[in-house]
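Trainee: Residue numbers (the numbering used here), protein chains in the order written: chain A, 58 to 253; chain B, 58 to 253.
These are calculated hints, taken from the structure and not from any lab test.
The reader is advised that the hints may include incorrect statements.
Note that the list lumps identical chains together, so a pair holds whenever it fits in one copy or between two copies.
[Unchecked claim] Under the rule of at most 35 angstroms between Cα atoms (straight-line distance), these lysine-lysine pairs were calculated in the DSBU-like manner:
(1) K123 with K154
(2) K103 with K123
(3) K69 with K245
(4) K162 with K122
(5) K174 with K116
(6) K122 with K174
From a predicted model like this one, the values you see are computed outputs, not experimental measurements.
Protein chains: 2
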Amino acid sequence: MQLLFASSNKNKIREVTQLLPEGFSLYGLQDIGIEEEIPEPGSTIKENSFLKANYVVEKLKKDGKKMVVFADDSGLEAEALDNAPGVYSARYAGVPKSDTANNEKLIKELSSQLNRKARFVTVITLISNGAICYFEGEVKGTISNTPRGNNGFGYDPLFVPEGYSKTFAEFTSEEKNAISHRGRAVQKLIEFLKSK
Amino acid sequence: MQLLFASSNKNKIREVTQLLPEGFSLYGLQDIGIEEEIPEPGSTIKENSFLKANYVVEKLKKDGKKMVVFADDSGLEAEALDNAPGVYSARYAGVPKSDTANNEKLIKELSSQLNRKARFVTVITLISNGAICYFEGEVKGTISNTPRGNNGFGYDPLFVPEGYSKTFAEFTSEEKNAISHRGRAVQKLIEFLKSK
Chain A
58 MQLLFASSNK
68 NKIREVTQLL
78 PEGFSLYGLQ
88 DIGIEEEIPE
98 PGSTIKENSF
108 LKANYVVEKL
118 KKDGKKMVVF
128 ADDSGLEAEA
138 LDNAPGVYSA
148 RYAGVPKSDT
158 ANNEKLIKEL
168 SSQLNRKARF
178 VTVITLISNG
188 AICYFEGEVK
198 GTISNTPRGN
208 NGFGYDPLFV
218 PEGYSKTFAE
228 FTSEEKNAIS
238 HRGRAVQKLI
248 EFLKSK
Chain B
58 MQLLFASSNK
68 NKIREVTQLL
78 PEGFSLYGLQ
88 DIGIEEEIPE
98 PGSTIKENSF
108 LKANYVVEKL
118 KKDGKKMVVF
128 ADDSGLEAEA
138 LDNAPGVYSA
148 RYAGVPKSDT
158 ANNEKLIKEL
168 SSQLNRKARF
178 VTVITLISNG
188 AICYFEGEVK
198 GTISNTPRGN
208 NGFGYDPLFV
218 PEGYSKTFAE
228 FTSEEKNAIS
238 HRGRAVQKLI
248 EFLKSK
């Protein structure tokens, strides 16, 4: 089965490729000539995940093509901040997007908060054969006061997953993939595709 | 595969049973001892469809059981009424639910409207193996000023599907199933299950 991942991120594409069972071929946006940034005007992570997949499905339709398409969208939700930054995680401190500025803003917003609970969430949307399927992965944890670690990206230097004392930025990528929000959503997608 | 339809409506269950490919066994709510009415507190048809399926999944989980579950929810959306009655279609004129009172209210609300366009929509939610899948069916049409026909239920006596001059209540059930919102959503579900 030919699968299209609505992403231009080669690391993500490689990771999913390694997990796919035999009989599946994975393509990225560049493979089908989509080079523009896909709009993400949704008000929730789930909605943006759907909008990305749907954008590509519509684009393929115009070209008379049909593929099974999926997209992912992720965000961090801090309990004390009414689940902010959520859908705005990547541009919390404005544009141009900056991980450092976003982390600084999060530290500031939480500075007077005793409740440090947060969760990372990923929603994958698969559009296939008349169905729209969602796969959700989450990892609960807390937000540290000071960034630690050099791996990962985004809020990883501040996020300490439940049951651990180190931040995601102090995990190797293999360790992180095994328990992360995106890793869990991808695992659900893979299990689902295997059962097809 | 064992499938549970989160419905107590024997007509619906029989209809889907007839369409299922070999290898699938369909059960209804009564088969697993759920006799209470499932709450539908959602603000959209899609949300109620999900909530019904999820209610049953959670109930089965408590009993240590696991099945593939699906539910449907439907409604009528009139363009001139900002898509009302929508999620309130069954209780548009209040409770206890009455098809006659609902039809009368719809005629009244549309009496001064030149735009008679409407659509029936069904959303089926399937919860299976970590995925939440949606199948949507719609049929476009117009709302008549006077009810006609004795078949069907709900707003069928007022709904004239595009390309026809008779109301859904003047269709036989086979004719209606072939083009109806629910028929189309069920067809998408069946195609999807066949591909599994």
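Trainee: Could you run down the list of hints and mark each one as holding or not?
Mentor: Here is how each hint holds up against the structure:
1. K123 with K154: Within one copy, since 33 angstroms is at most 35 angstroms while 43 angstroms is not.
2. K103 with K123: Both, since 23 angstroms and 25 angstroms are each at most 35 angstroms.
3. K69 with K245: both (16 angstroms within a copy, 30 angstroms between copies)
4. K162 with K122: neither (43 angstroms within a copy, 45 angstroms between copies)
5. K174 with K116: The answer is between: 29 angstroms across copies meets 35 angstroms, while 40 angstroms in one copy does not.
6. K122 with K174: between (45 angstroms within a copy, 32 angstroms between copies)
When each numbered hint is compared with the structure, a violation occurs for hint 4 only.
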